[in-house]
Amino acid sequence: STTLCGAHATQWLEEGAISFRLIDAILSAVHPKLYAQASAVIEQLCANEEIMDLHGLINEWPSVFTAITFLQNRESPFHRDPKSIPQGYDVFLSIGSYGEAILELSTLGIRFRNTPGPVVLCSGSFLRQGMSIADDGKRIGYVFHMHPSIFDYALIPQPPWAMYNSLHI
Numbered sequence: 001s002t003t004l005c006g007a008h009a010t011q012w013l014e015e016g017a018i019s020f021r022l023i024d025a026i027l028s029a030v031h032p033k034l035y036a037q038a039s040a041v042i043e044q045l046c047a048n049e050e051i052m053d054l055h056g057l058i059n060e061w062p063s064v065f066t067a068i069t070f071l072q073n074r075e076s077p078f079h080r081d082p083k084s085i086p087q088g089y090d091v092f093l094s095i096g097s098y099g100e101a102i103l104e105l106s107t108l109g110i111r112f113r114n115t116p117g118p119v120v121l122c123s124g125s126f127l128r129q130g131m132s133i134a135d136d137g138k139r140i141g142y143v144f145h146m147h148p149s150i151f152d153y154a155l156i157p158q159p160p161w162a163m164y165n166s167l168h169i
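Residue numbers (the UniProt record's numbering): 1 to 169.
Treat the hints as calculated values from the structure; they're not laboratory data.
Predicted model only: the values in this text are computed from it and were never measured.
Cβ coordinates follow ideal geometry from the N, Cα and C atoms, glycine included.
Possibly wrong hints are sitting among the right ones.
To be verified - The list that follows gives simulated cross-link-like pairs (lysine to any residue, SDA-like), each with its CA atoms no further than 20 Å apart:
| # | residue 1 | residue 2 |
| --- | --- | --- |
| 1 | K138 | W12 |
| 2 | K138 | I102 |
| 3 | K33 | S125 |
| 4 | K83 | Q11 |
| 5 | K83 | P160 |
| 6 | K33 | P160 |
| 7 | K33 | E104 |
| 8 | K83 | H145 |
Stated by the list, open to error - Derived CB-CB ranges, DEER-like:
| # | residue 1 | residue 2 | range |
| --- | --- | --- | --- |
| 9 | Q44 | D136 | 20 to 28 Å |
| 10 | S39 | R74 | 36 to 44 Å |
| 11 | F70 | N48 | 23 to 31 Å |
| 12 | S19 | N59 | 31 to 39 Å |
| 13 | A29 | P157 | 28 to 36 Å |
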């Protein structure tokens, strides 16, 4: 977004850093291999001398996710996220002061009441999803993504699929 350039972007990243790191911590608990591979991508990018002019931005980026989609008081029509890593998770986070919205994973036939605060993880690449507009108040929705092209560029293998038995529950 052109509104998130320069000082505005730096301020937004600084103000969201703790929240973004909490999202990373959730990912590390749910899919530790994806978190480890994504962390290795960041390290590799910072070691890449061909993109030294980007090292400052990479160091300021407070998450292992490579993209964040930002929605404010908007409906998100049904879609898939084909640029998300298929074997990974997109993370949905809604904050604000609103009654509720509905998050629907139509591929699975599941509808969630989405009140402020809960975090939902799913494969945005495979699952068709959509979010209704909030019924009142103000809602900000964040969707955290990882793009496979970044793994490819950093020469880091994409992680394996998360398996229930590999979580040691």
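List in ascending order the numbers of the hints, as given earlier, that are violated by the structure.
Violated hints: 4, 7, 9, 10, 12 and 13; rest satisfied.
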